[in-house]
Amino acid sequence: MLFNKVSYRRGVIEGLVIYALGRLGACITPGNFPGWFFVLVPLIFIVLQYILPPVWAARRMRSTKRERLSKRFWALGPRLAALCLVIDIVVSLCVGASLRMFDVQPGPAILRMFAHGSQHLTIGNFVISELITAVILFTFYTIAVVCTRLANGGFLRFTMPAGENRVTL
Numbered sequence: 623m624l625f626n627k628v629s630y631r632r633g634v635i636e637g638l639v640i641y642a643l644g645r646l647g648a649c650i651t652p653g654n655f656p657g658w659f660f661v662l663v664p665l666i667f668i669v670l671q672y673i674l675p676p677v678w679a680a681r682r683m684r685s686t687k688r689e690r691l692s693k694r695f696w697a698l699g700p701r702l703a704a705l706c707l708v709i710d711i712v713v714s715l716c717v718g719a720s721l722r723m724f725d726v727q728p729g730p731a732i733l734r735m736f737a738h739g740s741q742h743l744t745i746g747n748f749v750i751s752e753l754i755t756a757v758i759l760f761t762f763y764t765i766a767v768v769c770t771r772l773a774n775g776g777f778l779r780f781t782m783p784a785g786e787n788r789v790t791l
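According to my numbering, the sequence shown is numbered sequentially starting from 623.
To be clear, the hints were calculated from the coordinates, so they are not data collected in a lab.
Hints are not guaranteed to be accurate.
[Unchecked claim] Estimated spans, in silico, between C-beta atoms of each pair: (1) 694 with 761: 39 to 47 Å; (2) 729 with 665: 41 to 49 Å; (3) 742 with 773: 42 to 50 Å; (4) 657 with 717: 20 to 28 Å; (5) 684 with 725: 39 to 47 Å; (6) 653 with 716: 20 to 28 Å; (7) 739 with 693: 44 to 52 Å; (8) 696 with 741: 39 to 47 Å; (9) 757 with 717: 35 to 43 Å; (10) 740 with 700: 20 to 28 Å; (11) 656 with 747: 30 to 38 Å; (12) 752 with 635: 37 to 45 Å; (13) 660 with 735: 29 to 37 Å.
Backbone N, C-alpha and C fix where the C-beta goes; we use that ideal spot for every residue, glycine too.
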């Protein structure tokens, strides 16, 4: 079970490590996996990139009972997304792009920028792909941190129906 006793810095570092593992795993060509792993393993890498880091970081951090969404937790999602975007840019430039189901790894973006023919990557295409990644990261991470913090504090509980026979969900 998780112990909610880590500092803000350690929670961010753990989230970054999880993201880096998922991002490096997403560089592997899915065709390399045998049988049904062809579908399962890329899904695991997507979860490691987009879902688990903000939830893990927000879940593990120490906070008082009254602190549900302080300024530091509002800033956690965008801060974690910005750091993960830096990791994504470095991995894309040095290792390769994140792959979809039927893609083959074409190689590092920095080498593809100097290549000719079908493997050529323009700076504009690279910037657009990173902007799309940035929008996804900032959106998902902010939502995930806010929902995780609210769920940890019991803030998402509600009572229905009003009256004698109340049920708390």
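Hints, verified against the model:
no.	hint	in the structure
1	694 with 761: 39 to 47 Å	violated, 20 Å
2	729 with 665: 41 to 49 Å	violated, 24 Å
3	742 with 773: 42 to 50 Å	holds, 46 Å
4	657 with 717: 20 to 28 Å	holds, 26 Å
5	684 with 725: 39 to 47 Å	holds, 41 Å
6	653 with 716: 20 to 28 Å	holds, 22 Å
7	739 with 693: 44 to 52 Å	holds, 51 Å
8	696 with 741: 39 to 47 Å	holds, 42 Å
9	757 with 717: 35 to 43 Å	violated, 22 Å
10	740 with 700: 20 to 28 Å	violated, 37 Å
11	656 with 747: 30 to 38 Å	holds, 32 Å
12	752 with 635: 37 to 45 Å	violated, 23 Å
13	660 with 735: 29 to 37 Å	holds, 30 Å
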